[in-house]
Amino acid sequence: MSPGSGGTAPAGVTNLTVAYGTRKVLDVPALEVLPGEVLVVIGPNGSGKTTLLLCLALLVRPTTGTVSYFGQPVTGQRQILQLRRRLAVVFQESLLLNNSVWENVTLGMRLRGVPKNEVKARAQKWLERFGVAHLAKRQARTLSGGEAKRVSLARAFVLEPEVLFLDEPFAALDSPTRQALLEDFEGVLRETKVSTLMVTHDRNEALALADRVAVLIGGTMRQLGTPAEVFNFPVDEEVAVFVEAGNILPGKILSQTAGLAVISTDGKEIEAVSSLPAGMKVTVCLRHEDVTLSLPGAGPLTTSARNRFAGRVTRIFPVGSQVRVTLDCGFPLAALITGRSLEGMGLKEGQEVVATFKASSIHLIGHK
Amino acid sequence: MDLILKGIVEAFKLLVHGDPAVTMIALLSLGVSLSATAISLIIGIALGTAIGLTRFFGRRFLISLINTGMGAPPTVVGLVVMIFLWRNGPLGVLHLLYTPAAMVVAQFIISVPIITGFTLASTQQIDKKMQFQLQALGASRMQMVWLLLKESRLPLLAAVTAGFGAIISEVGASMMVGGNITGQTRVFTTAIVMETGKGEFGTAIALSIILMILVFGVNLLLTWVQQRSKTS
Amino acid sequence: MKFSGKRRAIFPAILLSLAVLGLVFSLMGCGTTTSPAPSGQGTTIVQGKTQTGSATTQTTTPVTAAATTAAPAVREVILATTTSTQDTGLLDVLVPLFEQKTGYRVKTIAVGTGAAIAMGQRGEADVLLVHDYTKEIPLVNNGYGINRKLVMHNDFIIAGPAADPAGIIGSKTAIDAYKKIAAAKALFISRGDASGTNSAELRLWTAAGISSKGQSWYQETGQGMGATLAVAAEKNGYVFTDNATYYSTQKTTGLKVVFEGDPVLLNVYHVIQVNPGKSNKINGPGGRAFVLFMIDPEIQRFIGQFGLGKFGRALFVPDAGKTEAELGVQ
Chain A
1 MSPGSGGTAP AGVTNLTVAY GTRKVLDVPA LEVLPGEVLV VIGPNGSGKT TLLLCLALLV
61 RPTTGTVSYF GQPVTGQRQI LQLRRRLAVV FQESLLLNNS VWENVTLGMR LRGVPKNEVK
121 ARAQKWLERF GVAHLAKRQA RTLSGGEAKR VSLARAFVLE PEVLFLDEPF AALDSPTRQA
181 LLEDFEGVLR ETKVSTLMVT HDRNEALALA DRVAVLIGGT MRQLGTPAEV FNFPVDEEVA
241 VFVEAGNILP GKILSQTAGL AVISTDGKEI EAVSSLPAGM KVTVCLRHED VTLSLPGAGP
301 LTTSARNRFA GRVTRIFPVG SQVRVTLDCG FPLAALITGR SLEGMGLKEG QEVVATFKAS
361 SIHLIGHK
Chain B
1 MDLILKGIVE AFKLLVHGDP AVTMIALLSL GVSLSATAIS LIIGIALGTA IGLTRFFGRR
61 FLISLINTGM GAPPTVVGLV VMIFLWRNGP LGVLHLLYTP AAMVVAQFII SVPIITGFTL
121 ASTQQIDKKM QFQLQALGAS RMQMVWLLLK ESRLPLLAAV TAGFGAIISE VGASMMVGGN
181 ITGQTRVFTT AIVMETGKGE FGTAIALSII LMILVFGVNL LLTWVQQRSK TS
Chain C
1 MKFSGKRRAI FPAILLSLAV LGLVFSLMGC GTTTSPAPSG QGTTIVQGKT QTGSATTQTT
61 TPVTAAATTA APAVREVILA TTTSTQDTGL LDVLVPLFEQ KTGYRVKTIA VGTGAAIAMG
121 QRGEADVLLV HDYTKEIPLV NNGYGINRKL VMHNDFIIAG PAADPAGIIG SKTAIDAYKK
181 IAAAKALFIS RGDASGTNSA ELRLWTAAGI SSKGQSWYQE TGQGMGATLA VAAEKNGYVF
241 TDNATYYSTQ KTTGLKVVFE GDPVLLNVYH VIQVNPGKSN KINGPGGRAF VLFMIDPEIQ
301 RFIGQFGLGK FGRALFVPDA GKTEAELGVQ
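Chains as they are written, first to last, in the working numbering: chain A, 1 to 368; chain B, 1 to 232; chain C, 1 to 330.
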């Protein structure tokens with residue numbers, strides 16, 4: 001379900017392979033970054049995500065296949081150099097030069113021949129936008145990790161790229177820094193609506209930012225779809241294991257009372273521990289192992305869990321030594337139970353069960 | 001001890017009176033060593049950057065050759081150059097032996113591995129991703145190399161200091177390919193050895209002092225530039 | 001690179017100025033033919049010791065160099081000679097004279113007799129000024145050297161500590177002195193460097209029937225005469241030396257002459273032209289011109305007076321025209 005907006009994809013690959021000697025590290029028949037979308041590529045280490053990014057960003061030549069921009073295949077060194085100047089790339093390391101922050105932020109513009117007054121205006125604007133304008137004269141070496149990352153982001157945005165590439169940009173930051181930065185970054189992405197390809201192994205980032213998610217495992221693309229599709233309906237076991245999805249449900253907070261929020265999703269109401277305000281759109285995340293199953297008719301259990309739903313088993317799926325049971329409770333829900341429990345309860349497809357989970361097990365992602 | 005004092009007095013006298021022979025020696029010493037340093041800087045930096053930033057078959061072997069070259073005895077280099085340059089040698093037609101040019105050649109060969117080695121070490125340290133980042137920002141290959149060199153300007157200045165220091169203090173090769181000819185190829189080091197051989201220790205010390213002053217002067221300049229670059 | 005600001009240019013600026021400086025300096029070096037002393041003043045390094053007021057030497061300096069003849073075809077002449085001739089400073093005066101007179105440009109390479117002869121053999125020099133007949137004669141016999149002419153001589157002497165522990169003073173012959181040294185096992189410092197001086201020293205040990213090498217009292221420095229004298233002075237040992245170097249360093253070393261005068265101690269210098277017939281790279285006319293120059297009567301007179309002003313005694317005795325037999329040498 002791609003948000004087709006009619007325009008040609010700014011960037012894409014066809015029959016792309018990358019091999020080092022006899023070792024094939026990447027094999028992607030087709031992938032596109034659609035105009036204005038944020039495409040997040042996730043996968044385990046060594047899956048080829050960075051290689052894919054480098055190929056798309058015209059920094060590494062593929063072994064076979066073509067990279068296309070705006071519908072045209074890219075050939076020739078000169079075209080590559082010209083196109084590079086319409087993109088921006090942010091890496092995991094901030095990679096700032098041993099200079100002042102201002103020098104670093106303006107370098108790309110100077111390389112691209114942006115007129116002087118433009119350079120000054122843009123640099124000022126984006127340094128402020130990322131909250132590091134007060135560091136303009138400082139030596140880049142003296143910045144903290146978070147500050148440096150903000151500078152490198154500013155450095156990318158001043159270029160007003162047509163496509164933005166990010167390779168695990170927040171991976172090297174500690175959690176609180178990452179949180180703060182992620183919020184700012186999400187805001188910027190939404191404002192600028194720049195076509196973006198981001199590589200990450202962090203589910204939260206994918207959930208927070210992605211319009212579409214591509215799962216890359218072992219150099220091949222296993223699944224491509226919305227975050228909900230990928231996380232809720234992993235297409236095979238490997239994806240499922242990697243995605244360690246848990247349940248992802250879109251919803252809206254109906255009410256908020258002293259730290260307990262009631263969320264409406266697919267017509268049902270879920271209670272969650274959260275202080276997000278009423279009216280906010282959210283994504284409900286619930287790990288599979290936090291869902292307990294019981295057989296109906298086993299008497300009204302008095303349990304502290306706030307959420308109880310009746311549903312029917314739609315699929316049973318082995319995951320390692322455990323089993324994933326997918327239910328339809330009016331909204332899709334999946335639980336992870338041991339094989340023994342499965343046998344003990346004699347669960348089968350089509351069976352009626354009751355699913356229970358605590359309000360505190362729910363993780364809400366708020367969308368402003 | 002009195003010999004050293006005598007040497008200091010003589011050095012002072014020579015400097016003040018501007019003894020023409022000493023002036024010639026000073027000009028030649030600086031001329032030969034500075035030229036050799038400059039040429040080996042150009043080639044050494046180019047070579048060191050190329051090897052440091054790229055991967056190719058036989059790279060490791062080449063690097064160990066360069067490291068060996070850094071420690072090659074200058075006298076051996078002198079001997080080999082002399083054999084190449086003398087009349088019956090393969091390059092004898094150039095008639096370079098016993099000229100300052102031959103000394104520049106020998107000193108160049110001595111200092112180029114040093115400078116290449118230093119450049120190599122400092123460019124290898126640079127994160128490989130930095131190359132990508134610079135290219136992504138829009139730098140052409142040349143611009144990228146230039147930016148990376150500026151990043152490692154401190155080690156590069158150290159390379160210049162090391163290279164120059166090695167050859168201004170060198171005597172074996174200079175003696176062999178230069179011949180220590182009065183007014184033509186006599187430099188400080190060969191003059192000092194000669195005077196010592198003659199037993200003229202006072203003169204030898206005087207020359208040594210002047211040489212040290214010159215070397216100190218050059219290093220002062222280089223250090224000033226290096227420390228300035230640190231803050232720029 | 002349009003993005004480079006003014007400050008950025010400092011690095012290539014340094015490079016450029018280094019290269020320019022270097023070229024300027026070496027070109028200045030190449031410009032002058034020899035040391036700037038057309039007035040014939042010695043180019044000894046230390047000004048204090050320059051032959052200032054050496055009126056006697058000055059007036060007899062044959063600077064009345066005839067107008068230089070038409071520039072010779074091949075200007076460069078390589079003169080291979082010994083360190084002792086260089087150390088006395090004689091060549092520093094003679095070579096510029098030769099250059100003015102003939103228009104040749106001489107490269108004086110002072111390497112020691114052994115290397116000089118080898119260079120002659122290889123055709124890497126055009127003319128030799130050496131003092132070891134045991135090596136010179138084979139060179140001539142094999143056809144590599146021609147026009148071997150007697151130029152000058154001075155004396156070898158045995159110098160030693162004033163205390164004279166082996167009681168050399170008063171010996172009748174050089175061999176006597178040697179025998180006394182060996183008998184007393186007195187410290188003897190040798191050059192041990194295949195130079196003409198060393199060669200002469202060793203010949204005497206052989207003649208005296210003493211095998212000195214390896215003995216504990218016999219030490220070799222492997223260095224030039226001046227350095228060897230310094231070592232002898234430092235260690236209070238005896239040393240075999242030419243009198244020119246001895247006198248020019250006497251004040252510093254404090255050594256005394258303990259034996260001199262034996263005819264076998266004559267230190268005879270020959271000039272030998274390297275045979276141009278052996279290789280077309282050899283400058284025949286240049287070599288020949290130098291030989292003629294060294295035996296020229298005016299130059300010979302000059303040689304005879306060299307050193308008078310500086311040391312109060314002439315360092316060499318001119319011998320051109322005499323035969324070897326007259327001197328009792330080969």
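It should be emphasised that the hints constitute simulated quantities derived from the structure, not laboratory data. Keep in mind that this is a model prediction, so the values were computed, not measured. Please note: incorrect hints may appear among the correct ones.
[Claimed, not checked] In the DSS-like style, the derived pairs of lysine-lysine whose C-alpha atoms are separated by at most 27 Å in a straight line are:
# : chain 1 : residue 1 : chain 2 : residue 2
1 : B       : 129       : A       : 24
2 : B       : 13        : C       : 310
3 : C       : 251       : B       : 13
4 : A       : 120       : B       : 13
5 : A       : 125       : A       : 24
6 : B       : 6         : C       : 179
To see whether the hints hold, each was checked on the structure:
Taken as a hint, the residue 129/B and residue 24/A pair is honoured in the structure, with Cα atoms around 21 Å apart against an allowance of 27 Å. Simply put, residue 13/B and residue 310/C have alpha-carbon atoms about 20 Å apart, close enough for the 27 Å limit, and the pair holds. A distance of roughly 20 Å separates the Cα atoms of residue 251/C and residue 13/B; the hinted pair therefore holds under the 27 Å criterion. For the hint linking residue 120/A to residue 13/B, the alpha-carbon distance of about 59 Å lies beyond 27 Å, and the restraint is violated.
The straight-line distance between the Cα atoms of residue 125/A and residue 24/A is roughly 43 Å, outside the 27 Å bound, and the hint therefore fails. At most 27 Å may separate the alpha-carbon atoms for a hinted pair to count; residue 6/B and residue 179/C exceed this at roughly 39 Å.
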